[in-house]
Amino acid sequence: MFLAGPASAGTPSPVPVAEKPATHFTPPSLKLPGSGAVRAGTAGASGVGASPLLSDLDGDGSDDLIYRVWDGDLYTTAGEDVFNGQTSEPVADVIPIGNQDSYPSGPEVLTLSQQGQLRLYTDATPTGGSYAWTGNGWGIYNKVVAPGDVNDDGRADLVARDKDGVLWLYYATGNRYAPFASRVKLGAGWNIYDQLLGIGDNNGDGWADLLGRDTAGKLWFYAGTGDKAKPFAGRRQIGTGWDIYNAIFPVGDDNGDGNGELLARDKDGTLWYYTGKGDGTLAARLQGSSKGGWDGIPQFAGSGGLPVMGKEGVLARDNAGSMFWYGARTTGQLAARSQYGEAGIWKGLSLSHLSSLNADGMSDLAVVYDNHLYVEGEDLGSGWSAFNALVGTGDLTGDGKGDLLARDRSGYLYLYRGNGAGTAVGSRVRIGGGWGAYDRLVGAGDYTGDGRADLIARTSGGDLYLYAGTGVAATPFKGRVKIGYGWNAYSKLVAPGDLNADGKADLLGITSGGDVYRYLNTAPGKFAPRVKIGYGYGIYNFVQ
0 MFLAGPASAG TPSPVPVAEK PATHFTPPSL KLPGSGAVRA GTAGASGVGA SPLLSDLDGD
60 GSDDLIYRVW DGDLYTTAGE DVFNGQTSEP VADVIPIGNQ DSYPSGPEVL TLSQQGQLRL
120 YTDATPTGGS YAWTGNGWGI YNKVVAPGDV NDDGRADLVA RDKDGVLWLY YATGNRYAPF
180 ASRVKLGAGW NIYDQLLGIG DNNGDGWADL LGRDTAGKLW FYAGTGDKAK PFAGRRQIGT
240 GWDIYNAIFP VGDDNGDGNG ELLARDKDGT LWYYTGKGDG TLAARLQGSS KGGWDGIPQF
300 AGSGGLPVMG KEGVLARDNA GSMFWYGART TGQLAARSQY GEAGIWKGLS LSHLSSLNAD
360 GMSDLAVVYD NHLYVEGEDL GSGWSAFNAL VGTGDLTGDG KGDLLARDRS GYLYLYRGNG
420 AGTAVGSRVR IGGGWGAYDR LVGAGDYTGD GRADLIARTS GGDLYLYAGT GVAATPFKGR
480 VKIGYGWNAY SKLVAPGDLN ADGKADLLGI TSGGDVYRYL NTAPGKFAPR VKIGYGYGIY
540 NFVQ
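543 is the number that numbering that gives the first Met the number 0 gives the last residue of the sequence shown; the numbers go up by one with no jumps.
Simulated from the structure, these hints should not be mistaken for lab results.
All values reported here derive from a predicted model rather than from experimental measurement.
Incorrect hints may have been included.
The calculated label-pair distances, taken between Cβ atoms and stated as ranges, are [said to hold, decoys possible]:
#, residue 1, residue 2, range
1, R284, V530, 52 to 58 Å
2, S101, I191, 20 to 26 Å
3, I538, A436, 42 to 48 Å
The list that follows gives simulated cross-link-like pairs (lysine-lysine, DSS-like), each with its CA atoms no further than 27 Å apart [what the hints assert, rightly or not]:
#, residue 1, residue 2
4, K531, K481
5, K290, K266
6, K19, K346
7, K290, K229
8, K30, K290
9, K227, K276
10, K184, K30
11, K30, K19
12, K525, K19
13, K266, K19
14, K184, K227
15, K290, K217
16, K481, K290
17, K266, K276
18, K266, K229
19, K266, K477
20, K276, K217
21, K477, K531
22, K19, K217
23, K276, K30
24, K276, K346
25, K481, K276
26, K290, K276
27, K217, K184
28, K525, K477
The beta carbon of each residue, even a glycine, is placed where N, CA and C say it ideally should be.
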């Protein structure tokens, strides 16, 4: 009998509890080439063409950036104050959507929670907005985008792609308390893009356009048509080599010529600026920031990539029992180590580093002690010594809450559904037997590009298999697919989350000599050639 009750209130945890070391964050500056044109009045209630300003928070006539940092706080380029709305939980995504009604006092901003709540904040300023509306059930989508004005009513509309690749359109209503009409199906096959974003109007016809980047780095343009039966025309290729960027996002009509502009961040953290030419194509890029100045930001508002939360680095314990934290940097590298908790307190403990089981969006450390499972000090019940592997890959049931996998010594794998608060798990669901064939089970997020959490399994012979998530608790994985061999070259296989902030989960391999190799996820089930990013990890007996 496996219990799932929390410890009594006020009972101190019998195992160590620690917080990740705080990192100092200074908002970077932004000065775009050629920007700063005064466009007073052009982003009012009626908008301008299909490229109304979506996030002009300070009223200076230029859109401002909104972005999420690792600790979950939101910042803007309109000031150094935190822009968090009226929720204490970090949001997975932010969608600026411009002025939506007859009130001229500011734009509206949407936030998407980890559990699929879409919230509208009205009259936004650099420090937040007034909460007006919540819609539930948006967790079925892996990308929500405001492309601009699709139907020429002066308001930006909303496009959402579900996890099966079907694209849906929500027309804006102009009512801040019921902001969107019923969805309209646009078609299937949109999961070929790992970045999907709007650009406003970039061909001069007055309707908003869409852009998609495929995993080969090609950029595709979908012109708006103004036809409600088919609001976007067939695609046209407008660029190659865009796979050098881990984030692409619009900045409205930044130079006042009526066409939409883009920013793209490369893997070093440098922003590049693209102006629309009015024929669907883009002018040659200009450098939009200092080199590497925007490293370390995992999510930009309006960004085309999938938002990622849940795990953001690696924990490592040495033989003396001291633990160290290596945070992800968005460049594919790990930050310098910081001590996690007091020296020596983790010695001899059975540990697992999990994707977040609570609402803070950050990874959790689990300890099995005296047959009980403790996650961040919360007692999740007894009976856990029966398992020889615990894995937290993220949300496996489709409810936006982190779940737990456990394998017993007979090779049976079980799913424990999380409650979203990290205080309890539901009754176990048996997935199946035969999982003892694997010497490593790892995962932290999405490896297939559909927004569902997946699982990676390695045999003792070094074969690597991918189990794609389904989002269904009773059958959480599809059949296995072999994605590699020779992985027994590594004594440790680690799932650190998304190392380069491109929306896809990555892997690390650590040799017995302590060398660390990075494998970036480039396409569903495929990884880039390995790159050595560290050494000296041989001093650790636990790395996850």
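Checked hints:
1. R284 x V530: 52 to 58 Å: violated (25 Å)
2. S101 x I191: 20 to 26 Å: violated (39 Å)
3. I538 x A436: 42 to 48 Å: 31 Å Cβ-Cβ, so the 42 to 48 Å window is violated.
4. K531 x K481: holds (24 Å)
5. K290 x K266: It holds: about 11 Å lies between the C-alpha atoms, which stays within 27 Å.
6. K19 x K346: The hint holds at about 18 Å.
7. K290 x K229: violated (42 Å)
8. K30 x K290: Within the cut-off at roughly 13 Å; holds.
9. K227 x K276: holds (26 Å)
10. K184 x K30: Violated - the C-alpha atoms of K30 and K184 are around 39 Å apart, more than 27 Å.
11. K30 x K19: violated (33 Å)
12. K525 x K19: This hinted pair is violated, its Cα atoms lying about 31 Å apart.
13. K266 x K19: holds (25 Å)
14. K184 x K227: holds (11 Å)
15. K290 x K217: Since the Cα atoms of K290 and K217 sit roughly 24 Å apart, the hinted pair holds (cutoff 27 Å).
16. K481 x K290: Not OK: K481 and K290 at ~39 Å, beyond 27 Å, violated.
17. K266 x K276: Measuring from Cα to Cα gives roughly 26 Å; hence the hint holds.
18. K266 x K229: violated (36 Å)
19. K266 x K477: violated (32 Å)
20. K276 x K217: holds (18 Å)
21. K477 x K531: violated (32 Å)
22. K19 x K217: Since the Cα atoms of K19 and K217 sit roughly 38 Å apart, the hinted pair is violated (cutoff 27 Å).
23. K276 x K30: holds (21 Å)
24. K276 x K346: This hinted pair is violated, its Cα atoms lying about 61 Å apart.
25. K481 x K276: Since the Cα atoms of K481 and K276 sit roughly 44 Å apart, the hinted pair is violated (cutoff 27 Å).
26. K290 x K276: With Cα atoms ~26 Å apart, K290 and K276 stay inside 27 Å; holds.
27. K217 x K184: holds (25 Å)
28. K525 x K477: Holds, at roughly 17 Å.
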